[in-house]
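Engineer: Here is what each chain is made of, one letter per residue.
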Amino acid sequence: MSDSSAISVDSLAKSYGSLHAVDGISFNVQKGEVFSLLGPNGAGKTTTIEILEGLRNKDGGKVSVLGLDPWSNGYELHKRIGVIPQGFKFFDYPTPREAVEYYAALFGAKVDADEILKDVLLDEAASTYFLHLSGGQRQKMGMALSLVNDPELVFLDEPTTGLDPQARRAVWDVIRGLKKEGRGVLLTTHYLEEAEELADTVAIMNHGKIIASGTPEEIIAKYGSGERMSVRGSSALAGYVRANTKLKVDYESGRVTVLLARKEDALAALEAISQSGMEWSELTTMRDSLEDIFVRMVGEESENGISTGGKA
Amino acid sequence: MLSIRRTLADLSVFGKGYVRSREGLFFTLVFPIILIVLFGAIFSGGGGATTVYVQNLDNGPVSTQFIAALNSTTAITLVPVPASDNFSQYLSSHSASEGILIPAGFSVDYSSDPPVPVNVTLYGNPASSTSGIVEGITASVLNSFNLHRANGTAVLSFQAQSIASKSYKYIDFLVPGLIGFAVLTSPMFALVNVSSTYKRDKIFKALSLTPLTKTEWLLSKILWYVFMTLISFVLMVVAGVALFGAQFTLSLGVLPFLLVGPLMFVSLGMLVGTASNSPESAAVVGNLVTFPMMFLSGTFFPVQSMPAYLQSIARVLPLYYVIQGLTNVMIYTNLGSALFDLAVMLVVSAVFFGLAVRFFEWRER
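Residue numbers (the working numbering), protein chains in the order written: chain A, 1 to 312; chain B, 1001 to 1365.
Among the clues, some could well be false.
To be verified - Below, a sample of chain A positions facing chain B; criterion: calculated Cβ distance under 8 Å:
id : residue
1  : L55
2  : K79
3  : V83
4  : P85
5  : F90
6  : D92
7  : Y93
8  : P94
9  : E98
10 : Y103
11 : A105
12 : G108
13 : Y223
Source of the hints: derived by calculation from the structure; they are not laboratory data.
Beta carbons are placed, not taken as given, at the ideal position from N, Cα and C, and that holds for glycine.
Model the full structure from these sequences, guided by the hints.
Structural biologist: As C-alpha cells, this is what we get:
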C-alpha cells in the first residue's frame, strides 16, 4: 500500500456457511477522501466495513487500515478511527453530553463535549436522554462519539437508513464537515443520491463483488450510454437522419433519439433534421445518472434490495 | 492493562442509568423492604397456634378445668362447639381437621371412687403434623390429670432451653436468607438482561471500538452491584429490626459475603446473557438458573427442613453458601464455618468470572 492509502483491500473474502458474503473484492481508499460502498441490502457492505473496523475476522485476502491489520491490531487501530455501527444504539440513559464525556474518559481524550455536539448539529439535544432522542439525533450522537478520539478515518455504516429527509440532509452536512477537516470517510449506503452527493470515489457492490468503481463521473462515463439528444418527430424523420448521417438513431413513441459520441454529432444531427423539412419540436439532451447505471447493473439481478429513494 | 479511570467512567454511566431507570431503584430500595415486610408478616404474625374445636358434653367442674389446662398451653386455640351439634359433621362443615370431644359424665367418672375410665375422643388427620402436636398436648394434659387423680408426684421433668444462648425467631433466620436473595436476584436478573440486550443492540460492538476492556466493563458492574447489595443489606437489616424485632449480630464478618456474592452472580448473569442468542431466550435460561437456586438455598425456609436429597442439591448451589455464611456470621457467630462458606464462594466466583471473561465476546469471528 502506498503512503497516500488509508485503506487497502486485496482479494478480501468472507463466507457464512455456503454464502459468500464478500467474494474476493479489492479497492483502495486514499487519505482524506470520502469513499462510498454502494449496494443493495445484502450486497456485503456491512461485512466488508466490519472487517475493516476489526469487528470481524476475514476468511481470505489482505486488508490494511492505516497500515495496521484490523483484526490483530484492533486495539491500536480503534484509537485512530471513528466508527458508527449500522443502526447505532446506546445505553438508554446518558445524555449526548454525558456520552461524549464517557467516551472521552475511555479514550483519555480532552474534549469539549459541547463543541463536538455543535459540530454534529446536536447541541440542541445535548441534555436529552438517548432513550428520548429521535432516529436522526441518535445517529448524530453516534457521529459525535466517533469523533471523540479525533480519528484520521471515520467509518459510517448506512448512517442515514431510516431517517427522514431533513435528518438525512443534516447527517450529510456533518459528513461534508468531516471531509473539510481532512478526515477520510468510508461510507456504506444503499441510497444512490447519498453516494453521488458525498463521495469522491464510489464502488458499487452486489452479491459480494465490486461490479464498478471510480468517481461518479468515471462510472457514468464508463458504464453509462453516453450523452443523447432527442426531438419529438416522426419515424420518417428518424429514417432521414439515419440515412443522411453516420449517427446511431433510435425511434420510440414519437421521439427520435441520437447518441452523441462527440460534441460535433449534435450539430450534424440538427443539420440533418433541418434539411429534412419535416416537423420537429421539444429538443432535449440527456445523460445517464449514477442511478440509471446502478439500476441497470444491480436492479436486473435483484429488484428487491434496491433503493433509488432518498429524494431528500 | 486494567485502567481505573475507564472502569470508573463506565461505572458512573451505568450507575446514572440505573438510578434514572425506575426499575433499578425499585429493586434496590423498595423490593428488599417489601420482601422483609411480606415474609416477616407471614411467618411471625399471630404466633402460629393451631385451632382445635372442642365439644364439651359434660359441663362438670373437671372438664372445665381440663379445657382451661389445654388453653394454657398456648400452642392451640380452642373453639367451643355447641353440645347440640353433631361433632364430626360440624368439623367437616367447618373444614376443620382437629377436634376434641369430651364425653358426658367426664367430671363424675373422674371424681368417683374408684374412678371409672373415661375416653376423650380426638379427631385428627393422620397425614397432618399439627394433628400430632394436638395429640401430644392432649396426652400430656390428660397425664397430668391422671397423676393428680392418683395423688402421684412427677419424677421426670424437663427444662426448656433453646439451641443457641438466646432464643431465635423465624425473622432472625429470614433476614440473612432474604439478603442472600437480594445478592442473587438483583445482579443476576440485571446482567442477564443487560448483556443480552447489549449484544442484540450491538452496544458491545460499539464499546469494543473504545479502549474499554471486557474485564473493566465487568468489573464496573461488579462494583455497582456490591454497592447496591450494601444498600439492600442496610435496608433489610433496619426493616427486620424495626418492624419485627429481628435479632442478630452485626460484624465486619458479613462484608466478605456482600463483596464476593455480587462478584459471583454478576459473572453468572453475564455468562447466561452472552451465551444466549436473544434477550428472550436469555430470560428463560436466567429464570431456569435463578428460581431453583432461590427456593432451594435456604432463602425462605431453612435447608435443614427439606428432604435429604434436596439438601444435597442445595449444597451444590452457590447461593447456599452465601446464606449459610451470612447465617453463620449473623446468627451463630460461627466464623470458622463462615470461613469455609467464603472459601467455597471464592472458588466458584473465580470460575464464573473466568468463564464470563472468556466467553463474553466483544466482537464476532
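Engineer: Each hint needs a verdict: does it hold in this structure or not?
Structural biologist: Results of checking the hints against the structure:
About 5 Å separates the beta-carbon of L55 (chain A) from the nearest beta-carbon of chain B, less than 8 Å, and the hint is met. Proximity of K79 (chain A) to chain B holds as hinted, the smallest CB-CB distance being about 7 Å (cut-off 8 Å). Taking 8 Å as the C-beta contact cut-off toward chain B, the hint placing V83 (chain A) at the interface holds, the least distance being around 5 Å. A least Cβ separation of about 5 Å between P85 (chain A) and chain B falls short of the 8 Å threshold, and the interface hint therefore holds.
The interface hint given for F90 (chain A) holds, since its Cβ lies 6 Å from the closest Cβ of chain B, which is under the 8 Å cut-off. For D92 (chain A), the interface hint holds, since its Cβ comes within 8 Å of a Cβ in chain B; the closest pair sits about 6 Å apart. Of the supplied interface hints, the one on Y93 (chain A) holds, with its beta-carbon coming within about 4 Å of a beta-carbon of chain B, less than 8 Å. Against a cut-off of 8 Å between C-beta atoms, the interface hint on P94 (chain A) holds, since the closest Cβ of chain B lies about 5 Å away.
Proximity of E98 (chain A) to chain B holds as hinted, the smallest CB-CB distance being about 7 Å (cut-off 8 Å). The restraint placing Y103 (chain A) at the interface with chain B holds, with a minimum CB-CB distance near 6 Å, inside the 8 Å limit. Contact between A105 (chain A) and chain B, as hinted, is supported at the beta carbon level, the nearest pair being about 3 Å apart and thus within 8 Å. This hint holds: G108 (chain A) has a C-beta 7 Å from the nearest C-beta of chain B, less than the 8 Å allowed.
At a threshold of 8 Å, the smallest CB-CB gap from Y223 (chain A) to chain B is about 35 Å, leaving the interface hint violated.
Comparing the model with each numbered hint stated earlier shows that hint 13 is the single one that does not hold.
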